[in-house]
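With the sequences and hints as input, model every part of the structure.
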Amino acid sequence: MSDIAASPPAAGEGRKTSLLRETDRVRKRNAAERRFELYGMAAVGIGLLALAFLLLSILGNGLSSFRQTFVDVPVALDPVAIEEAEASVVKTSRYRDIIEGAFVSALEARGLLEGIDPEEAAGIISEEAPAQFRDYVRANPEAVGRPGEFTFLVNGRIDGFFKGRVTFESAELDGNVTPAQLRLAERLAGAGLIDTRFNWAFFTAPDASGQRPEAAGLGVAILGSAYMMLVVLFLALPIGVAASIYLEEFAPRNRFTDIIEVNISNLAAVPSIVFGILGLAIFINFAGLPQSAPIVGGLVLTLMTLPTIIIATRSALKAVPPSIRDAALGVGASKLQSVFHHVLPLAAPGILTGTILGLAQALGETAPLLLIGMVAFVGEYPDAPPEGLFDPATALPVQVYNWTQKADPAFVERASGAIIVLLAFLVVMNAIAILLRRRFERRW
Amino acid sequence: MNDMRITERAVDLSETKISARNVQVFYGDTHAIKDVSVDIADKTVTAFIGPSGCGKSTFLRCINRMNDTIDTARVTGDILIDGEDIYDRRVDPVQLRAKVGMVFQKPNPFPKSIYDNVAYGPRIHGLARNKVELDEIVERSLRRGAIWDEVKDRLDAPGTGLSGGQQQRLCIARAVATEPEILLMDEPCSALDPIATAQVEELIDELRRNYSVVIVTHSMQQAARVSQKTAFFHLGHLVEYGETGQIFTTPRDPRTESYITGRIG
Amino acid sequence: MTDMQDQHIASAYDRDLEAIQALIMKMGGLVEDAITNAARALETRDDEMAEAVRRGDAAVDRLEEQINEEVARVIALRAPTARDLRVVLSVLKISSNLERIGDYAKNLAKRASVLTQMQPVGDSASTLRRMAQQVRAMLKDALDAYVQRDEALALDVRDRDVEVDQMYNNIFRAFITHMMEDPRNITACMHLHFIAKNTERMGDHVTSIADQVVYLTTGSMPDESRQKKDRTPFETHGAVR
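Protein chains in written order, with full-length UniProt numbering: chain Z, 1 to 444; chain S, 1 to 265; chain G, 1 to 241.
These are computed hints drawn from the structure, not numbers from a lab.
Every residue gets a Cβ at the ideal spot worked out from N, C-alpha and C, and that includes glycine.
The hints are all genuine.
Stretches of chain Z that chain S covers, calculated by requiring three or more beta carbons in the stretch to come under 8 angstroms of a beta carbon on chain S: (1) 325 to 331; (2) 341 to 355.
Cut-off 30 angstroms, straight-line C-alpha distance, at most; resulting in silico cross-link-like pairs (BS3-like, lysine-lysine): (3) S/Lys112 <-> Z/Lys335; (4) Z/Lys335 <-> S/Lys34; (5) Z/Lys318 <-> S/Lys99; (6) S/Lys106 <-> Z/Lys335; (7) Z/Lys318 <-> S/Lys112; (8) S/Lys131 <-> Z/Lys335; (9) Z/Lys335 <-> S/Lys17; (10) Z/Lys318 <-> S/Lys106; (11) Z/Lys335 <-> S/Lys99; (12) S/Lys43 <-> S/Lys17; (13) S/Lys99 <-> S/Lys152.
Just some of the chain S residues that point at chain G, by a computed CB distance under 8 angstroms: (14) Gln221; (15) Thr261; (16) Arg263.
Rendered as structure tokens:
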């Protein structure tokens, strides 16, 4: 002891090392650590980059769909012309004549019609306008005979012109629009007759045919998705929770329950299109439920979501400490009481989180819906539930799929817009899940 | 307290409350309790001591049939409480557990208010006809749990917000709220600091006036401090059972001696 | 006790207990020597030796104090139970017995010094030395019994105390005779009687040590079955009156 203290530090070099100097081994280890950190940061960076690219491209393509170009047209509601139109076979074409006449005379009055054929000028108004006009007349018969000011959608190409999608050069090659129309639109915009505003109809209107992309909306798809989510919520949640409680709290542990357990996990991994085939075979071909109906979509998605909910619920139940069950049993509660009074309330945030995540997954699911006919064009709103569950409807992801199939670039814009809506729903649902977990998470 | 115990030792006339005869417990293939016969007196604290895995907790859990909740557990032999076989077909374990309260190793209050923690048992057993009666039961139980003065102003506060010792006394109050006759305690102080332990031990000594208390403990000193009778379990056998003072001064079995003197048992 | 382990899990506990018992043995050795030397001083009328015995008692007292402290430590730190508790308790009692024996030896030496100034009274000094030798032998056996946890030897020691009592009774009668023969012997006889009485008390303390050995090995004190001594000292002697 004493001689160690007595010897100068240099003498103990063999054994003694300074803490101020890194040894080779430490240096190597630190380098490895730094390298690993870099790998991790690179991986995260790639992920973030992909996400940013996705968001940018979708937002870049889709944000414009939330705005739409409209044209103001004064139309006198001539009772004679309207009566004639109502009497004819193809009512919309007569209504169109009324609108076009009013539009052309309004342009003439303002002297904006030079250098363009009146027929061509009228072409900038959307195909949707006559239907819109007729709906107004039918809804307000007392307005007939008075002059009125209407705001109609413009043709999709003109809309595209204002959003930068259509240029004079592209119009030269396009059969659906002429440069003269674009110049007219420019003049009208200068006169304040054409402007671009927020497009509520995108959220409320039903889908529209290929000639009228400017009128297409997500109304039916949102409604259909909502109906399906209702079905999933009311079926998958109780069934899933009941199954989990039974498996976790009551079922004996034996080979049979082991098999069930493994199969539930397997079910969660089954490709969704298989569930679509199952739905087609059982619900439509065997049970005879209508095609394209939210009820069938809901049932298929229920089957798909069940394993997710069961797995989430079981892990939530497992996370409740056994001491709570012991405590309840110890004061003489029955098994059922201990589960429903103590275990389930403690597991509820976990169960709800799992359910919401399951719903979010179901909301974005496309493949099984294609198989059960929800891909059809649906121009009519379904009724209110429960009857509405059996009416044809589409769903958000299917609508996206549909619109991306169309040739008209205006539909590509709509599809991106629909994706934004879908993502917004998913974000909101996940946020609710996180909130619930934060709010109700209890420590014990 | 010490002289009290000397007098009580002299008049150890309490009658038998729990009587176990040839009890065997199996967990699957494991023979956890081997032919245990023991008479546990009323109004007495009986301590079960022994090394880990000796079966003392298992045997304790037989007395209120908590082992029923384990699928693989199998119990043979008879356990009589007041002469009635609790493993009889007609006995409902839920009813039994109201009569045989249990306090666990880790304080495990429900994540509810202090009031609801205590009121839960009486509620599910229908012991109170109205709110006033329930209030009385809660107050009485909290007083018996020696925690009333500390919590009377915050009965709505969560039970999980109390300190460890308070939580354990709350759990004891919860256990006595259902008017049991027997209190089983499974290492009730192992998660507590010495002061809280002393408070709980003092409480146990008081509970002896009304209940037959059976306590499993790892701490031999605790067994020595709180119990009148001590049973030493070893490898599933009940090695020795007797008056606590005798067990700790002149144990009859060499295994007991080895264990309590800190030689490997 | 075949399947009982001898070692504590905490080996420091074993070392503590061994250390205390070593102190007891050391104390016992000192006391044995004190008895022997005091008795020899008496017989050989060796004042110096008597003085040495008187001074030596301080070491015994210090040892007793040390043992008390060590025992208190072990009780506080280890909370001994069962056999360990009996070891600790018996150590405490044996040390106090040894201390008393040491005091008696010191007293014996003191009186031996006084007696050097007086006429010897018959062969009483050598009788007393034999008695002291007997007590010393008993003490040695009692301590051996303690070390070896030998219950039989301890019981034997208890039985041999009867002989010491017997010797005392004989000496008692002899002293009365001496005093009746010649009143000038009275002072010396009084001192010698106290020596005898103290030696007999030493024997009782040795018996008490043997009792502790029995308690230590069996957990209970021996039965009080030993037939109690001769009634001689308590009889009234007509001759005196």
